[in-house]
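Student: Sequence:
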Amino acid sequence: MCADLRQKQRIRILLVDNPITSLFMAAWYRQRDYHKDLSCRTVAVYAAIDYDDDTEEKKIIYKKASSGILEDIVNEWYVCMPAKYESFYSTSFRKPVEIIRKRLDRKADIKRIVELLNDHGIDADEVSEVWSANCVFLPHFRFICKKASIISFEHGLSDLKNAVVYNQSAERNDMGTNRLSNLAFSNLHRAKRAIKRKLDRLLIFYTMEVTIDKHISMFSKELAITNPHLNVESIESDAVSNLSLSIMRQDPGYSFFTKLDGNSAIILLTPIEPFTSERHEQFRFFKSFEEYLIRHWSDFLIKNEIRNIIFKSRFVLEVCTKEAVENFSSLNKLFNVVLLSDISPYNYNVEYYISTIRPKIIMGAYSSGLLYSKKIDPGLLTLSYDDWFIDYCENRFGWTSDYVWPRAFCESNKMIAFRAFLPQEL
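The opening residue of the sequence shown carries number 1 in our numbering; numbering runs sequentially from there.
Below, in silico cross-link-like pairs of lysine-lysine (DSSO-like), each with a Cα-Cα straight-line distance of 30 Å or less:
#1 333 with 287
#2 64 with 322
#3 146 with 107
#4 259 with 63
#5 64 with 111
#6 147 with 107
#7 360 with 259
#8 147 with 36
#9 214 with 63
#10 107 with 63
#11 147 with 63
#12 221 with 414
#13 111 with 58
#14 214 with 414
#15 64 with 259
#16 360 with 303
#17 146 with 63
#18 95 with 111
Worth flagging that the hints you see were computed from the coordinates, not collected in a lab. These numbers come from a predicted model, not from an experiment.
Let the hints inform the model, and build the full structure from the sequences given.
Tutor: Below you can see the structure in the form of C-alpha cells.
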C-alpha cells in the first residue's frame, strides 16, 4: 500500500548546488507551507561542480553548507555531479574533436541522470516541478522531465539579469558598457552569438531552450515592474532573514559574531583568480587593496564608528587570503580585523550573516550580495569599490573579464526599479 501511495505521489526535484539558492528554496518552501502537501514528494539532487583545486574537506564543507538548510524539507537526497566541462557557449567550431567530446559528455550526463531516477523509482513523467537557479543540469532535467514545470530561483546577479530581460529581447546575453568598445556589443555581435547558440544546441546538447514557468525572488515587486512578461512570485525578506538566523545559531562562529563590541563593516573580497593565481600577484593585489582602503575609506569608517572590519572571501576562491589579511598591518592598527572564514568554516554567502552580525556597512564590487543584503536590511549602508577594482585589473592585467558588466547592467535603465538597493560610490 505504501508503495502504491509512493508511486501516485507527484515529485518535486530540487537541484542543489550552492548555499544561497538553497536558502531561497527553503524560505519559499516554508512560506508556501509545502510541507503540508502530502501528495508531493520532495527529492533533492546535489549537483555542484567539483573544483579540482579544492581539498576533499572543503568539498564536504561546501556540500553541507548547500544542503543543511534543506534537510528538514527534503524526503530523499541523491548526488549526481556534473562533468567538468565549460559553459555551453565556449566551444570553438574550429575544433571538431572538442565538439564531439562535449557532446559525449552531455550524453553521458543524460544517461547518468536517467539511471539515477530509475534506480530510485522516479518516473520522469511524474516529476511535476524542477527547482533550480543556474545549475548546469537544469537543461538536462528539462530534457528528461518534459512534463515538469520549471521553477527558477536566483544564485547571483546573472540570474537577476536573466529575470529582468526574460522573454523581452536578445539583450539578455549582452550588456554594453562605456568601458568597452561599442563594437563589442554591436548588432553583428549579437547575431553571431545567436547563431553560435543555435549551433551549440544542435551539435552539442541537442535540446530545447529552458522556459521558465515561475520565477521566485525577493525582488518580485521590482521584477514585476521591470518585466511584465515574467511570472514572478515573492520570497519575503523576513523569511530569508529568520531562516539564515536559525542556521547561524548552529554555526561555530555564532557566539563570536554576536559578542563583537561596537559597529561592524563587512568587506566582500573580489578574487583576481580569473587573471592570475600567482602568489606574488595575489599579495601585490592585497597590498594595493589595503592601501586603497586606508587612503579612501578609513576616515569614513572611523566617522561611522566602525570598530570591526570583517573580510569575507568567496568559498571557492581563497588563494593567499588568510595570510594576506593577517598582513594588513595598517588596518590592524585602526580596526579589529577579522577573516570571516577563520570564524565560520562554512563561509556562507554574506546574506546568511546579516541578521547575526548586524553590520552597519557592507562594501564590495557590484554583486548580488550587496543587493540582497540591502533587501534583507534596508537600513544597511552598501558601498562599492568597483571603480578601483576594475582600474587595478585593467592596469595590471589589461582586461577585466566578467567584472565589467554587473555595474553596467545595474546602472542601466532596465534597473530603475532597483535603484534603492544599489550600492553607493563615495
